[in-house]
Amino acid sequence: MRLLLVEDDAMIGTAAQQGLRQEGHAVDWVRDGREAEAAAANGVYDLLLLDLGLPRKDGLAVLRSLRAKGLQVPVLIITARDAVSDRVAGLDAGADDYLVKPFDLDELAARVRAVLRRQSGRATATLRVGELEIDTAARQVRWKGRDVPLSGREYALLEALADRPGAFLTRSQLEERLYGWDDEIASNAVEVHVHALRRKLDPSIIRNVRGMGYSLVKGA
Amino acid sequence: MSIRRRLLVWLLAAVLAGGLVAAGVVFFQARSEANDLFDYQLRQLALTLRDRSYTPSQFAQVLQGEEALDFAIQVWGPDGTELYESHPQLRVPGAVQLGFSTGEGADGQWRIFAIQQRGLTIQVAQPMAVRSQLAFDAALRTLLPFLVALPLMGLLIWRLVGQEMQVLESTARAVARRTPESLEPIATRAVPDEIQPLVIALNGLLARLGGALSGQRQFIADAAHELRTPLTALKLQLQLAERARDAGEREKAHAMLGEGIARAVRLVEQLLALARLDPDAPAKRDAIDLAVLARAAVQAQAARAADAGLALEAEAPDPVPIDGDRGALETLLDNLVDNALRYTPAGRVAVRARREGRGAVLEVEDTGPSIAPGERQRVFDRFYRGESAPTGGTGLGLAIVKRIAERHGAIVELLDGADGKGLRVRVSFP
Chain A
0 MRLLLVEDDA
10 MIGTAAQQGL
20 RQEGHAVDWV
30 RDGREAEAAA
40 ANGVYDLLLL
50 DLGLPRKDGL
60 AVLRSLRAKG
70 LQVPVLIITA
80 RDAVSDRVAG
90 LDAGADDYLV
100 KPFDLDELAA
110 RVRAVLRRQS
120 GRATATLRVG
130 ELEIDTAARQ
140 VRWKGRDVPL
150 SGREYALLEA
160 LADRPGAFLT
170 RSQLEERLYG
180 WDDEIASNAV
190 EVHVHALRRK
200 LDPSIIRNVR
210 GMGYSLVKGA
Chain B
0 MSIRRRLLVW
10 LLAAVLAGGL
20 VAAGVVFFQA
30 RSEANDLFDY
40 QLRQLALTLR
50 DRSYTPSQFA
60 QVLQGEEALD
70 FAIQVWGPDG
80 TELYESHPQL
90 RVPGAVQLGF
100 STGEGADGQW
110 RIFAIQQRGL
120 TIQVAQPMAV
130 RSQLAFDAAL
140 RTLLPFLVAL
150 PLMGLLIWRL
160 VGQEMQVLES
170 TARAVARRTP
180 ESLEPIATRA
190 VPDEIQPLVI
200 ALNGLLARLG
210 GALSGQRQFI
220 ADAAHELRTP
230 LTALKLQLQL
240 AERARDAGER
250 EKAHAMLGEG
260 IARAVRLVEQ
270 LLALARLDPD
280 APAKRDAIDL
290 AVLARAAVQA
300 QAARAADAGL
310 ALEAEAPDPV
320 PIDGDRGALE
330 TLLDNLVDNA
340 LRYTPAGRVA
350 VRARREGRGA
360 VLEVEDTGPS
370 IAPGERQRVF
380 DRFYRGESAP
390 TGGTGLGLAI
400 VKRIAERHGA
410 IVELLDGADG
420 KGLRVRVSFP
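Protein chains in written order, with numbering that gives the first Met the number 0: chain A, 0 to 219; chain B, 0 to 429.
If you are wondering where the hints come from, they were derived from the structure by calculation, not from laboratory data. It is possible that some hints are incorrect.
To be verified - As a list, the in silico DSS-like pairs of lysine-lysine whose alpha-carbon atoms are at most 30 Å apart:
hint: 1; chain 1: B; residue 1: Lys-401; chain 2: B; residue 2: Lys-420
hint: 2; chain 1: B; residue 1: Lys-283; chain 2: A; residue 2: Lys-56
hint: 3; chain 1: B; residue 1: Lys-420; chain 2: A; residue 2: Lys-56
Claimed, not checked - Pulled from the structure, derived: some chain A residues nowhere near chain B, Cβ distances all over 12 Å:
hint: 4; residue: Gly-93
hint: 5; residue: Phe-102
hint: 6; residue: Asp-103
Unchecked claim - If you anchor each label on the Cβ, the simulated ranges turn out as follows:
hint: 7; chain 1: B; residue 1: Gln-376; chain 2: A; residue 2: Glu-106; range: 35 to 41 Å
hint: 8; chain 1: A; residue 1: Gly-120; chain 2: B; residue 2: Ala-371; range: 47 to 53 Å
hint: 9; chain 1: A; residue 1: Asn-41; chain 2: B; residue 2: Glu-329; range: 48 to 54 Å
hint: 10; chain 1: B; residue 1: Val-166; chain 2: A; residue 2: Pro-101; range: 51 to 57 Å
Note that CB positions come from ideal geometry on N, CA and C, so glycine has one too.
So that you can see chain A by itself, here it is in the shape it has in the complex (with noise of 0.2 Å):
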């Protein structure tokens, strides 16, 4: 998945962009509020990590006008400020969650899973396509009953397209959910990834329609 995550404190921005890679998600890492808004509105991030005590731009205050927009991005409040008030205030304002400094990594990830969960509309971490069974949290795939080591990059293509089985994303869509600003991206690497996955799995699990894109076939 790919995130956002603003926050202004350079060693908190660093450890919790790399925690959240080492996750498998795709992190931009932007530092101050008015940055955080123009970023957001592109609208190609499944999750907005916004610490409130930002410079330029308050967190609150980007988070409402984010929705005035009309923007349905879930948003994760990671804050210092622990006041049930400014929870209410958070949660209100159009927040999904809302965690307290200092956090965990484990529970920063959970929560992040957790919101990601809600949004594409499922109760448990388990996702399942027929014989296709991903444990989300454990980040394990299970093919027709077996393990089945899956890379970073090949899990989060996998997810995002079992995300909605059926549903076409296309290349870029893919390219968008699974790199960063900062990562490279080869010109054939979705290419890549869905071959290897389909030599691991089952060669006729995703389908390649020519300008449609990509899509998990339900019934494999």
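Once you have looked at the hints, place chain B on chain A.
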């Protein structure tokens, strides 16, 4: 002893003393008047007896039955034989001299008037005790109202003072009700004028106390909040180090963790420095040379400046003696130089000390990005960090500088550097 009891005792003692003085005055006045009056009577009686030219035998007749008379009358013949004595049972002193005299009789003092007529000596005498008794009675009559009034006054004083003291008691209760959470001023409306200065002084103390308390609370809240950021970073950095899958990742994570710890340590040190600079604590006064301090600060940070590729120079050729707190001024310079090095990407940092008029000036000038004029006041606020603040700062440096300057009566100004570039921090000592 309570004020009530003390007032009672002293007021009653004063009333009693007043009564006694009045009685004494009355006593002496009355005796003096009685003396005049009775002397006159003595004399009149003697003259009457003389003018009547009684023969000695006639005296007895005339004065027969006058034994109740206050006066003792004696008559002597020319040869000194006693011809008549009205009160033989009284031993009146004998004739000593003509005119008035006071003589000592067996029963006390007598007032005597003697006169001569055709060889007869007529003496009229009266006991002095009569006069004293009269004066004493008058004095007693004067004292009596005081004595009667004394218990009444005592009661009145006791009750009135008690009533007035209730204001004190209610004020005391009002003070007792104050807690660190509620330090609102005590009402001065119902308080008598004498106690008002106390209540007003108390209210002043309460206000100062409240200010200091809320300042402390705010500081602790701010400090706790500010500690969250480095602690969050530390927690994340530690977890990354734990998750590291190979030596390279681990080394990188440990380096980040080290930076995080250094930042947390610096923040705690700065918080401590600020806490030690309690505005109410008296500043130490050592005789120090700012030029020496400036050179020492440059020396201490020389290695760091060299690492950052910055020229760090002291410009303090002449001694600049002032009275001040050495440790605090070292902290001030350390913070200013630290800031200058932190914010200056390239160029030079100059530390100057010089005399100016009767005062002294410390200056730290850099060639960094300066601070926008609109931000120059706010950067002195605790935990305020500028928009472009580099990472690792605590937001406390300039707050500490300002606090130290204030304790020395010095003024901190943020000015443009030479030819409008960079920042020049100027600390002017009086």
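Verification of the hints:
no. : hint                                 : result
1   : B:Lys-401 with B:Lys-420             : 23 Å, holds
2   : B:Lys-283 with A:Lys-56              : 43 Å, violated
3   : B:Lys-420 with A:Lys-56              : 28 Å, holds
4   : Gly-93                               : 24 Å, holds
5   : Phe-102                              : 7 Å, violated
6   : Asp-103                              : 7 Å, violated
7   : B:Gln-376 with A:Glu-106: 35 to 41 Å : 40 Å, holds
8   : A:Gly-120 with B:Ala-371: 47 to 53 Å : 48 Å, holds
9   : A:Asn-41 with B:Glu-329: 48 to 54 Å  : 52 Å, holds
10  : B:Val-166 with A:Pro-101: 51 to 57 Å : 55 Å, holds
Of the numbered hints given earlier, the model fails hints 2, 5, 6; all others are met.
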